[in-house]
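Student: All chains should be modelled from the sequences, with the hints used to inform the complete structure.
Respectively, the protein sequence lines represent chains Z and G. Each residue of the first sequence is one higher than the last, beginning at 1 in our numbering. Each residue of the second sequence is one higher than the last, beginning at 1 in our numbering.
Treat the hints loosely; a few may be bogus.
[What the hints assert, rightly or not] Simulated crosslink set (BS3-like; lysine-lysine; CA at most 25 angstroms straight-line):
id, chain 1, residue 1, chain 2, residue 2
1, Z, Lys317, G, Lys579
2, G, Lys579, Z, Lys354
3, Z, Lys366, Z, Lys340
4, Z, Lys181, G, Lys558
5, G, Lys569, Z, Lys309
[What the hints assert, rightly or not] If you want the ones that stay clear, here's a sample from chain Z, every Cβ over 10 angstroms from chain G, calculated:
id, residue
6, Gln51
7, Phe56
8, Arg84
9, Arg120
10, Gly143
11, Lys153
12, Glu160
13, Ala241
14, Glu296
15, Leu298
16, Gly333
17, Lys353
18, Thr374
[Stated by the list, open to error] Pulled from the structure, derived: some chain G residues nowhere near chain Z, Cβ distances all over 10 angstroms:
id, residue
19, Pro140
20, Glu152
21, Ala234
22, Ile250
23, Pro251
24, Ala295
25, Glu354
26, Thr416
27, Glu438
28, Tyr481
29, Ile543
30, Val587
These are computed hints drawn from the structure, not numbers from a lab. Quantities reported herein were computed from a predicted structural model and do not represent experimental measurements. Idealized CB from N, CA, C, for every residue including glycine.
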Amino acid sequence: MAGKKGQTLDKKPLSVYVHVPFCKRKCLYCDFPSAPGTPEEIAFYFRILMQEIRSFEALDSLYTVSTVFFGGGTPSLVDPKYVRQVLDLLRAQYHFEEDPEISLEANPGTLTQESLAAYRDMGISRLSIGLQSANEDELKILGRIHSFEDFQKSYELAREAGFANINIDLMSALPRQTMEKWQRTLQIAADLKPEHISAYSLIIEEGTPFAETWGTRVGRIYLPGEDLDREMYHYTKEFLASRGYERYEISNYALPGFESRHNMTYWTGGDYVGFGQSAASYLDGRRFQNPAEKTEYLEEAREAYGRFKSTRPLSLKSREEEYMFLGLRMHRGVSREEFKLRFGESFPGTYEKKLLDYCMQGFMEKEDDRIRLTDKGIDVSNVIMADFLQD
Amino acid sequence: MPIPQDHIRNFSIIAHIDHGKSTLADRIIEQTGLLTKREMQDQILDNMELERERGITIKAQAVRTVYTARNGEEYILNLIDTPGHVDFNYEVSRSLAACDGALLVVDAAQGIEAQTLANVYLALDNDLEVIPVINKIDLPSAEPQRVIEEIEDVIGLEAQDAPLISAKNGINIEEVMEAIVHKLPAPQGSPDAPLKCLIFDSFYDNYRGVVVFFRVLDGAVKKGMRVRLMSTGAEYDVVEVGYFGAGQLIPCEELETGMVGYLTASIKNVKDTRVGDTITDAARPCAEALPGFKAVQSMVFCGMYPADGAKYPDLRDALERLQLNDASLTYEPETSVALGFGFRCGFLGLLHLEIIEERLEREYNLDLVTTAPSVVYKVHKLNGETIDLSNPTNMPDPAEIDYMEEPVVSAEIMVTTEFIGPIMKLCQERRGVYIGTEYIEATRAILRYELPLNEIIYDFFDALKSRSRGYASLDYTLKGYVQSKLVRLDILINKELVDALSFIVHESVAYERGRRMCERLKEEIPRHLFEIPIQAAIGSKIIARETVKAVRKDVLAKCYGGDITRKKKLLEKQKEGKKRMRQIGNVEVPQQAFMSVLKLDEDR
Chain Z
1 MAGKKGQTLD KKPLSVYVHV PFCKRKCLYC DFPSAPGTPE EIAFYFRILM QEIRSFEALD
61 SLYTVSTVFF GGGTPSLVDP KYVRQVLDLL RAQYHFEEDP EISLEANPGT LTQESLAAYR
121 DMGISRLSIG LQSANEDELK ILGRIHSFED FQKSYELARE AGFANINIDL MSALPRQTME
181 KWQRTLQIAA DLKPEHISAY SLIIEEGTPF AETWGTRVGR IYLPGEDLDR EMYHYTKEFL
241 ASRGYERYEI SNYALPGFES RHNMTYWTGG DYVGFGQSAA SYLDGRRFQN PAEKTEYLEE
301 AREAYGRFKS TRPLSLKSRE EEYMFLGLRM HRGVSREEFK LRFGESFPGT YEKKLLDYCM
361 QGFMEKEDDR IRLTDKGIDV SNVIMADFLQ D
Chain G
1 MPIPQDHIRN FSIIAHIDHG KSTLADRIIE QTGLLTKREM QDQILDNMEL ERERGITIKA
61 QAVRTVYTAR NGEEYILNLI DTPGHVDFNY EVSRSLAACD GALLVVDAAQ GIEAQTLANV
121 YLALDNDLEV IPVINKIDLP SAEPQRVIEE IEDVIGLEAQ DAPLISAKNG INIEEVMEAI
181 VHKLPAPQGS PDAPLKCLIF DSFYDNYRGV VVFFRVLDGA VKKGMRVRLM STGAEYDVVE
241 VGYFGAGQLI PCEELETGMV GYLTASIKNV KDTRVGDTIT DAARPCAEAL PGFKAVQSMV
301 FCGMYPADGA KYPDLRDALE RLQLNDASLT YEPETSVALG FGFRCGFLGL LHLEIIEERL
361 EREYNLDLVT TAPSVVYKVH KLNGETIDLS NPTNMPDPAE IDYMEEPVVS AEIMVTTEFI
421 GPIMKLCQER RGVYIGTEYI EATRAILRYE LPLNEIIYDF FDALKSRSRG YASLDYTLKG
481 YVQSKLVRLD ILINKELVDA LSFIVHESVA YERGRRMCER LKEEIPRHLF EIPIQAAIGS
541 KIIARETVKA VRKDVLAKCY GGDITRKKKL LEKQKEGKKR MRQIGNVEVP QQAFMSVLKL
601 DEDR
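Tutor: Now the structure itself:
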């Protein structure tokens, strides 16, 4: 279970993302690469995926795996044996930290006592369950495959199977949603006492059925307006805080100590490698990504390692920019010290001036050396973050 | 083999846009066998790319062809092309003065338009013989007989035996050729008199200097001769004389009386060879210059600024180079608080302005911010001083002003009777003074108005077209200045006055303009992190206000997993949008906002 034996000193932590692009039916708002698959397609996909992972064997000399995340799609939809295969391979190939965070995304209605036991057995420590809403009408609007009852059953089974770190995904600002309906969803979710809650404001993505229904001039009428959207958002923070959850990132809430380590890797500039269709990586200062299109991925998976090797590392400027806009997503914010430690230079003068201006206007606040967005700043964070891109 | 003077024909073609002038010119050139068909480009006369796209002729050009008539004799035909827009009225009149006759080309389906009519009168004023030609007779909607009657009724020209042609399909072109030879007069003028030439155009050539286009009225001009330009008295030694092939200059030894051609004389600037000026023999000058010479005057002014301030020297160079070829373009440096360093440019009219703007953007690759066009106002101050005001920013304090005057034009609008109502309403809205209506036939009339020039330079053409479904046409001439109650309307964005948005309007429309200006700017200015008031003011008095609300929500909830690049692209897009804006105080204003004053028609 502990992974490859041997020396782990002086190695950097690595997060591993594994994309499982299969689902029972695509939700109406979803723009992630995902689609139903036949058993043959699933088997073939994993065969290629394993080859891709093997081609990255050399990473072992540099890294120790600290988190693994199975995302999708619906990873809980495929036979757990595939997940086990992947984990077995990863463990055979890499050193793992003592207590790694291994997460799996699951949808209600796809979890059974047996599958949950299998996940526990293979060392999965964290489940992320997509509830989205506790209201049946909203689940229908979203095109979800489950009812609230399905979710409740899955949640109970997961607890019974021994999962002590569970995330519930929720969505606000849904079509026809009222404040009361959102409060109801939040309340029900919090009452279940999950360790982590992700609450996203709906984004209508181009090219989804949602865009055609709700993104039109007429459709928009049924969407909560900006003001209501922000009210929901602010209420969420307050309400969850009263239940002991801290908002540690724009859309993520956790009980103390249960922040998603995997996601923190993304936001703090840590190294991660993504396997599977469309998966993104940030390794050794280089960003690269697998093809978003399935056949293209399947054809090119074997060249993924070569793509990594031939990618140019990010410039200092890009890394500084990313540090700022990712750092500002988090409650911990950005820090002068950290910046200097990482880039060997202080904030550029333009940053200092902007940070000061935003603090004075109430969009940011200072706490010792750290600067973070205020609630008011989060509401308009894109405008602010764009301001930290350099010319 | 010199051709005798009575075998020369100098003529131009008068036609409304799209009535087929260029096509007919092509056919004439073809018919004279100057070029093989393969060498023919379409529309030889319009060789500037821009002209081709707009379908109009900007600069006068000429071509000399040799036609062997049915009687077996050879004639020299000099076709002088004229610009076809009201902005270039003076240039048209000089080009016509260089001709002895003109072809009036009228579309067999559409009949006479106001513009055509104005140019026909111009031709008749210059004592030209005018031959009507009915074009596009092969169109299903052609009504040649009706058009013939219209020409006779409206202009009083005999038109029963007008050639009925299709320039496009080459039908009856020879009839036109024969009419030119037999109906148009040969040039008058004496070969023995002192040299007298009329300049009708010129352009700058990098190798030869200015190439002057002219018509020899008396005497002859030879290579090596010393000539004098009568308006300035400047003298030059002629380096080269020649005539116009299709699209090329063909040198020759001399140009005799009656001929049309060009000369070069190491002249540095087209400003020195003004259209309408007289060229004479420095050794034996003619007694007096030709009548009708006028120094060009800019009618419309606007500020032109490079969108990227660093491109200021490029803009200066580009204007300098354009001016080499365009004596009617003027410019002088100016600065604006909002826009930085730029130029106040003067133009003959709005079309001229647009052409220059397009050429700067297209040929010189400049991204421009243009302020609202202005006319020249006369400000009479209490201390007796009078100033010509072309930049609203320079308007003196109202307390120092006795009164102001604005230019007005006499306008003729030709319109089918069903649109008389809407067009009169438009003229009324634009402070027009109604002079009269003249019915030229049962369904068509000419409306005569006196209109302030500043009311027609913005979007009057567009408004006219949209309210008449494209049927109205306009011609105007500057009438003079009249006293007028004018005020300067200022725009404040976030409490800061934006000088580049100030403009001068008549008191009676100030409220309305101010209100619409604020509404328009509200649409143009993106929401910021703070609320932005947009105000219109006359002096210290606020007359209209709109508010751009603060951004309420602009947040990316989702983080797309590890796909940081996607997130960054979104932010970059946001940033990119900002780059194309002007910083005014702490407000980012898109470049196009400065042009938004141009589009304020009520119907929109």
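Student: Which earlier hints turn out false for this structure, listed by number in ascending order?
Tutor: none
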